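> Let's have the full structure, built from the sequences with the hints guiding it.
Using UniProt numbering, you'd call the opening residue of the sequence shown number 1 and step up by one each time.
Each hint should be verified, as a subset may be incorrect.
List of simulated lysine-lysine pairs, DSSO-like, C-alpha gap at most 27 Å [said to hold, decoys possible]:
1. Lys166 to Lys222
2. Lys166 to Lys229
3. Lys111 to Lys101
4. Lys180 to Lys111
5. Lys229 to Lys180
6. Lys86 to Lys101
7. Lys111 to Lys86
8. Lys111 to Lys62
9. Lys111 to Lys166
10. Lys86 to Lys62
Read the hints as simulated data drawn from the structure, not as lab findings.
If you're wondering where the values come from, they're calculated on a predicted model, not measured in any experiment.
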Amino acid sequence: MKWNHQPASYNSPTLPSYLIHLILALSGIPSSGTFTVSGPLVQPIRAWVGEDVQLSCHLFPKMDARGMGVKWVRGPLVVHLYRTGKEVQEVQAPAFQGRTKMLREDMAEGKVTVIIHQVQLSDSGQYTCYFQEGSFYNETSFDLQVSELQKGAFSVTGLAQLIQAKQGEDVTLSCQLYPKMDAQDMTVNWFRNHTLVHRYPTGKKLEESQGSEFQGRMELLKHDMAEGKVTLRIQQVQVSDSGQYTCRVQSPDNYDEAHIELQVAENLPTSQKTLAIFLVVVFLVVIIGSVFVIYFFCQTQLQRGREVASIVSRSRRWLE
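See the structure below:
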(Lines of atoms letter the chains of each structure in order from A; the text may use other names.)
(Lines give C-alpha, C1' and ligand atoms only; values in the text may rest on other atoms or scores of the structure.)
Protein backbone atom coordinates (compact mmCIF):
# COMPACT_ATOMS: atom_id res chain seq x y z
CA MET A 1 0.00 0.00 0.00
CA LYS A 2 1.46 3.32 -1.05
CA TRP A 3 0.64 6.53 0.75
CA ASN A 4 -0.64 9.33 -1.47
CA HIS A 5 0.62 12.83 -0.82
CA GLN A 6 -2.66 14.60 -1.53
CA PRO A 7 -6.15 13.71 -0.26
CA ALA A 8 -8.25 12.02 -2.91
CA SER A 9 -11.16 14.01 -4.25
CA TYR A 10 -14.75 12.91 -3.95
CA ASN A 11 -16.65 11.62 -6.98
CA SER A 12 -18.91 14.64 -7.11
CA PRO A 13 -16.90 17.89 -7.11
CA THR A 14 -20.06 19.98 -6.85
CA LEU A 15 -21.27 18.47 -3.58
CA PRO A 16 -19.56 19.88 -0.44
CA SER A 17 -17.82 17.28 1.69
CA TYR A 18 -19.68 18.25 4.85
CA LEU A 19 -23.00 17.42 3.10
CA ILE A 20 -21.63 14.01 2.15
CA HIS A 21 -20.65 13.37 5.77
CA LEU A 22 -24.08 14.48 6.96
CA ILE A 23 -25.92 12.26 4.47
CA LEU A 24 -23.74 9.28 5.38
CA ALA A 25 -24.22 9.87 9.09
CA LEU A 26 -28.02 10.10 8.72
CA SER A 27 -28.21 7.04 6.51
CA GLY A 28 -25.84 5.01 8.69
CA ILE A 29 -24.03 3.73 5.58
CA PRO A 30 -20.29 4.38 5.74
CA SER A 31 -18.32 4.76 2.53
CA SER A 32 -14.73 3.67 2.14
CA GLY A 33 -14.03 6.88 0.25
CA THR A 34 -15.66 9.33 2.63
CA PHE A 35 -14.46 9.66 6.18
CA THR A 36 -12.80 12.27 8.31
CA VAL A 37 -10.23 11.90 11.07
CA SER A 38 -10.35 13.70 14.41
CA GLY A 39 -7.69 13.87 17.09
CA PRO A 40 -7.78 14.20 20.89
CA LEU A 41 -10.47 16.40 22.40
CA VAL A 42 -7.94 18.26 24.55
CA GLN A 43 -5.14 19.88 22.57
CA PRO A 44 -2.26 20.36 22.73
CA ILE A 45 -1.27 17.21 24.58
CA ARG A 46 1.06 18.03 27.47
CA ALA A 47 3.40 15.60 29.19
CA TRP A 48 6.44 15.51 31.45
CA VAL A 49 9.75 13.97 30.48
CA GLY A 50 9.73 10.24 31.24
CA GLU A 51 5.98 9.76 31.07
CA ASP A 52 4.07 7.52 28.65
CA VAL A 53 1.79 9.41 26.27
CA GLN A 54 -1.27 8.16 24.39
CA LEU A 55 -2.03 9.66 20.98
CA SER A 56 -5.53 8.77 19.75
CA CYS A 57 -7.38 9.35 16.49
CA HIS A 58 -10.99 8.59 15.54
CA LEU A 59 -12.79 7.98 12.26
CA PHE A 60 -16.09 9.68 11.43
CA PRO A 61 -18.43 8.04 10.75
CA LYS A 62 -17.38 5.06 12.85
CA MET A 63 -16.06 2.20 10.72
CA ASP A 64 -13.75 -0.75 11.05
CA ALA A 65 -10.13 0.42 10.69
CA ARG A 66 -8.50 -3.00 11.00
CA GLY A 67 -8.20 -3.38 7.24
CA MET A 68 -6.93 0.15 6.66
CA GLY A 69 -3.47 1.60 6.64
CA VAL A 70 -2.69 3.80 9.63
CA LYS A 71 0.42 5.91 9.90
CA TRP A 72 1.69 8.29 12.57
CA VAL A 73 4.38 10.80 11.68
CA ARG A 74 6.14 13.71 13.31
CA GLY A 75 7.42 15.89 10.52
CA PRO A 76 9.41 13.58 8.20
CA LEU A 77 9.82 10.88 10.88
CA VAL A 78 7.61 7.78 10.86
CA VAL A 79 6.47 7.23 14.43
CA HIS A 80 4.38 4.09 13.84
CA LEU A 81 2.99 2.30 10.78
CA TYR A 82 0.17 -0.25 10.58
CA ARG A 83 -0.52 -1.87 7.23
CA THR A 84 -2.30 -4.99 5.95
CA GLY A 85 -3.20 -6.10 9.44
CA LYS A 86 0.23 -5.85 11.02
CA GLU A 87 2.68 -3.29 12.34
CA VAL A 88 5.64 -2.43 10.10
CA GLN A 89 8.82 -1.66 12.02
CA GLU A 90 11.27 -1.45 9.13
CA VAL A 91 10.33 2.14 8.25
CA GLN A 92 10.05 3.40 11.84
CA ALA A 93 12.39 6.26 12.70
CA PRO A 94 15.27 5.16 14.98
CA ALA A 95 14.23 7.72 17.60
CA PHE A 96 10.97 5.81 18.15
CA GLN A 97 12.12 2.21 17.77
CA GLY A 98 11.23 0.16 20.83
CA ARG A 99 9.28 3.06 22.35
CA THR A 100 5.87 2.81 20.66
CA LYS A 101 2.93 0.46 21.06
CA MET A 102 -0.32 0.39 19.13
CA LEU A 103 -3.58 -0.42 20.91
CA ARG A 104 -5.93 -2.35 18.63
CA GLU A 105 -8.84 -2.99 21.00
CA ASP A 106 -11.00 -0.19 19.54
CA MET A 107 -9.94 -0.39 15.88
CA ALA A 108 -13.25 -2.02 14.91
CA GLU A 109 -14.92 1.18 16.14
CA GLY A 110 -12.56 3.41 14.19
CA LYS A 111 -10.32 4.43 17.10
CA VAL A 112 -6.55 3.98 16.93
CA THR A 113 -4.19 4.76 19.81
CA VAL A 114 -0.41 4.79 19.82
CA ILE A 115 1.55 4.91 23.09
CA ILE A 116 4.96 6.57 23.17
CA HIS A 117 6.94 5.37 26.16
CA GLN A 118 9.33 7.55 28.14
CA VAL A 119 8.79 10.76 26.16
CA GLN A 120 11.69 13.19 25.91
CA LEU A 121 11.94 16.89 25.15
CA SER A 122 12.90 15.97 21.60
CA ASP A 123 9.51 14.26 21.14
CA SER A 124 7.74 17.64 21.21
CA GLY A 125 6.22 18.73 17.92
CA GLN A 126 3.30 18.29 15.56
CA TYR A 127 2.04 14.75 15.04
CA THR A 128 -0.10 13.69 12.09
CA CYS A 129 -2.34 10.64 12.00
CA TYR A 130 -3.22 9.21 8.55
CA PHE A 131 -5.93 6.69 7.71
CA GLN A 132 -5.96 5.18 4.22
CA GLU A 133 -8.38 2.83 2.51
CA GLY A 134 -7.80 2.10 -1.14
CA SER A 135 -6.81 5.30 -2.90
CA PHE A 136 -8.52 7.56 -0.37
CA TYR A 137 -7.00 8.86 2.81
CA ASN A 138 -7.54 11.57 5.36
CA GLU A 139 -5.56 12.95 8.28
CA THR A 140 -5.50 15.12 11.36
CA SER A 141 -2.69 16.87 13.21
CA PHE A 142 -2.10 18.09 16.74
CA ASP A 143 0.79 19.15 18.96
CA LEU A 144 2.60 17.31 21.73
CA GLN A 145 4.38 19.50 24.27
CA VAL A 146 6.89 17.77 26.55
CA SER A 147 8.23 19.69 29.55
CA GLU A 148 10.99 18.87 31.98
CA LEU A 149 10.42 18.77 35.70
CA GLN A 150 12.95 20.29 38.06
CA LYS A 151 14.63 18.45 40.92
CA GLY A 152 15.43 19.97 44.27
CA ALA A 153 12.24 20.43 46.33
CA PHE A 154 12.42 16.88 47.72
CA SER A 155 14.36 13.66 47.26
CA VAL A 156 13.27 10.04 46.94
CA THR A 157 15.29 7.20 48.43
CA GLY A 158 14.77 3.46 48.04
CA LEU A 159 14.51 1.70 51.40
CA ALA A 160 16.41 -1.26 49.92
CA GLN A 161 18.82 -1.34 47.00
CA LEU A 162 18.44 -5.08 46.35
CA ILE A 163 15.52 -7.38 47.11
CA GLN A 164 15.79 -11.13 46.56
CA ALA A 165 12.75 -13.38 46.47
CA LYS A 166 11.63 -16.82 45.39
CA GLN A 167 9.05 -17.46 42.72
CA GLY A 168 5.51 -17.38 44.11
CA GLU A 169 6.28 -15.11 47.08
CA ASP A 170 4.78 -11.66 47.69
CA VAL A 171 7.25 -8.77 47.53
CA THR A 172 7.07 -5.16 48.71
CA LEU A 173 9.14 -2.37 47.19
CA SER A 174 9.29 0.87 49.19
CA CYS A 175 10.66 4.36 48.69
CA GLN A 176 10.63 7.37 51.02
CA LEU A 177 10.32 11.11 50.43
CA TYR A 178 12.70 13.47 52.24
CA PRO A 179 11.77 15.70 53.91
CA LYS A 180 8.70 13.72 54.86
CA MET A 181 5.60 15.07 53.14
CA ASP A 182 2.18 13.85 52.05
CA ALA A 183 2.48 11.85 48.82
CA GLN A 184 -1.26 11.28 48.41
CA ASP A 185 -1.67 14.38 46.27
CA MET A 186 1.36 13.63 44.12
CA THR A 187 1.75 11.45 41.04
CA VAL A 188 3.56 8.18 41.72
CA ASN A 189 4.83 6.05 38.85
CA TRP A 190 6.55 2.69 39.21
CA PHE A 191 8.56 1.40 36.25
CA ARG A 192 10.38 -1.86 35.62
CA ASN A 193 13.22 -1.48 33.13
CA HIS A 194 11.55 1.72 31.84
CA THR A 195 8.16 0.03 31.32
CA LEU A 196 5.20 1.33 33.32
CA VAL A 197 4.21 -1.02 36.13
CA HIS A 198 1.79 1.04 38.24
CA ARG A 199 0.54 4.60 38.12
CA TYR A 200 -1.05 6.52 40.97
CA PRO A 201 -2.28 9.81 39.48
CA THR A 202 -2.50 13.09 41.32
CA GLY A 203 -5.66 13.20 43.39
CA LYS A 204 -7.36 10.41 45.32
CA LYS A 205 -10.43 10.30 43.05
CA LEU A 206 -8.57 9.47 39.85
CA GLU A 207 -8.31 5.86 38.77
CA GLU A 208 -5.01 4.05 39.11
CA SER A 209 -3.58 2.05 36.22
CA GLN A 210 -1.30 -0.97 35.89
CA GLY A 211 0.90 -2.52 33.26
CA SER A 212 -0.68 -5.47 31.45
CA GLU A 213 1.89 -7.95 32.84
CA PHE A 214 0.93 -7.09 36.41
CA GLN A 215 -2.86 -6.87 36.15
CA GLY A 216 -4.42 -8.19 39.35
CA ARG A 217 -1.03 -8.87 40.99
CA MET A 218 -0.08 -5.39 42.09
CA GLU A 219 -1.25 -2.97 44.74
CA LEU A 220 -0.04 0.41 45.96
CA LEU A 221 -0.19 0.49 49.76
CA LYS A 222 -1.48 3.87 50.85
CA HIS A 223 -1.51 3.71 54.64
CA ASP A 224 1.92 5.40 54.92
CA MET A 225 1.64 7.79 51.97
CA ALA A 226 0.73 10.70 54.24
CA GLU A 227 4.19 10.26 55.80
CA GLY A 228 5.89 10.18 52.41
CA LYS A 229 6.36 6.41 52.21
CA VAL A 230 5.32 4.77 48.94
CA THR A 231 5.10 0.98 48.89
CA LEU A 232 4.28 -1.29 45.98
CA ARG A 233 3.26 -4.88 46.66
CA ILE A 234 3.65 -7.51 43.95
CA GLN A 235 1.84 -10.77 44.56
CA GLN A 236 3.03 -14.16 43.34
CA VAL A 237 6.25 -12.83 41.79
CA GLN A 238 7.62 -14.61 38.74
CA VAL A 239 11.16 -14.93 37.45
CA SER A 240 10.13 -12.56 34.64
CA ASP A 241 9.40 -9.88 37.27
CA SER A 242 13.13 -9.53 37.94
CA GLY A 243 14.74 -6.24 36.96
CA GLN A 244 15.36 -2.67 38.02
CA TYR A 245 12.32 -0.92 39.46
CA THR A 246 12.08 2.86 39.50
CA CYS A 247 9.92 4.76 41.99
CA ARG A 248 9.19 8.22 40.59
CA VAL A 249 7.31 10.74 42.72
CA GLN A 250 6.12 13.89 41.00
CA SER A 251 4.62 17.13 42.25
CA PRO A 252 3.27 19.85 39.93
CA ASP A 253 6.74 21.39 39.57
CA ASN A 254 9.29 18.86 40.81
CA TYR A 255 10.14 15.19 40.79
CA ASP A 256 12.72 12.69 41.99
CA GLU A 257 13.18 8.96 41.69
CA ALA A 258 14.90 5.98 43.28
CA HIS A 259 15.92 2.58 41.93
CA ILE A 260 15.47 -0.86 43.48
CA GLU A 261 16.77 -4.12 42.02
CA LEU A 262 14.51 -7.18 42.30
CA GLN A 263 15.92 -10.67 41.78
CA VAL A 264 13.47 -13.57 41.67
CA ALA A 265 14.86 -17.12 41.84
CA GLU A 266 13.02 -20.02 40.27
CA ASN A 267 11.67 -22.69 42.58
CA LEU A 268 12.53 -26.22 41.48
CA PRO A 269 9.67 -28.76 41.48
CA THR A 270 9.76 -31.32 44.31
CA SER A 271 10.89 -34.09 41.96
CA GLN A 272 13.74 -31.94 40.71
CA LYS A 273 14.72 -31.00 44.25
CA THR A 274 14.81 -34.69 45.22
CA LEU A 275 16.89 -35.52 42.17
CA ALA A 276 19.28 -32.65 42.90
CA ILE A 277 19.74 -33.78 46.52
CA PHE A 278 20.26 -37.38 45.39
CA LEU A 279 22.91 -36.33 42.87
CA VAL A 280 24.70 -34.24 45.49
CA VAL A 281 24.72 -37.17 47.94
CA VAL A 282 26.00 -39.55 45.25
CA PHE A 283 28.69 -37.06 44.31
CA LEU A 284 29.81 -36.74 47.94
CA VAL A 285 29.83 -40.53 48.40
CA VAL A 286 31.94 -40.94 45.27
CA ILE A 287 34.38 -38.26 46.43
CA ILE A 288 34.69 -39.68 49.95
CA GLY A 289 34.98 -43.23 48.64
CA SER A 290 37.68 -42.16 46.20
CA VAL A 291 39.63 -40.52 49.02
CA PHE A 292 39.48 -43.71 51.11
CA VAL A 293 40.50 -45.89 48.14
CA ILE A 294 43.46 -43.66 47.40
CA TYR A 295 44.41 -43.59 51.09
CA PHE A 296 44.34 -47.38 51.46
CA PHE A 297 46.17 -47.83 48.18
CA CYS A 298 48.92 -45.48 49.35
CA GLN A 299 49.09 -47.23 52.72
CA THR A 300 49.38 -50.63 51.01
CA GLN A 301 52.12 -49.42 48.71
CA LEU A 302 53.95 -47.87 51.63
CA GLN A 303 53.73 -51.10 53.62
CA ARG A 304 55.03 -53.10 50.68
CA GLY A 305 57.89 -50.65 50.31
CA ARG A 306 58.80 -51.14 53.95
CA GLU A 307 58.70 -54.93 53.62
CA VAL A 308 60.95 -54.84 50.55
CA ALA A 309 63.38 -52.54 52.33
CA SER A 310 63.44 -54.90 55.32
CA ILE A 311 64.17 -57.93 53.11
CA VAL A 312 66.96 -56.08 51.31
CA SER A 313 68.46 -55.03 54.63
CA ARG A 314 68.46 -58.61 55.99
CA SER A 315 69.96 -59.91 52.76
CA ARG A 316 72.86 -57.48 53.00
CA ARG A 317 73.57 -58.47 56.57
CA TRP A 318 73.52 -62.17 55.63
CA LEU A 319 75.95 -61.58 52.76
CA GLU A 320 78.31 -59.75 55.04
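> Could you run down the list of hints and mark each one as holding or not?
Structure-based check of all given hints:
no.	hint	verdict
1	Lys166 to Lys222	holds, 25 Å
2	Lys166 to Lys229	holds, 25 Å
3	Lys111 to Lys101	holds, 14 Å
4	Lys180 to Lys111	violated, 43 Å
5	Lys229 to Lys180	holds, 8 Å
6	Lys86 to Lys101	holds, 12 Å
7	Lys111 to Lys86	holds, 16 Å
8	Lys111 to Lys62	holds, 8 Å
9	Lys111 to Lys166	violated, 42 Å
10	Lys86 to Lys62	holds, 21 Å
Violated hints for the displayed structure, listed by number in ascending order: 4, 9.
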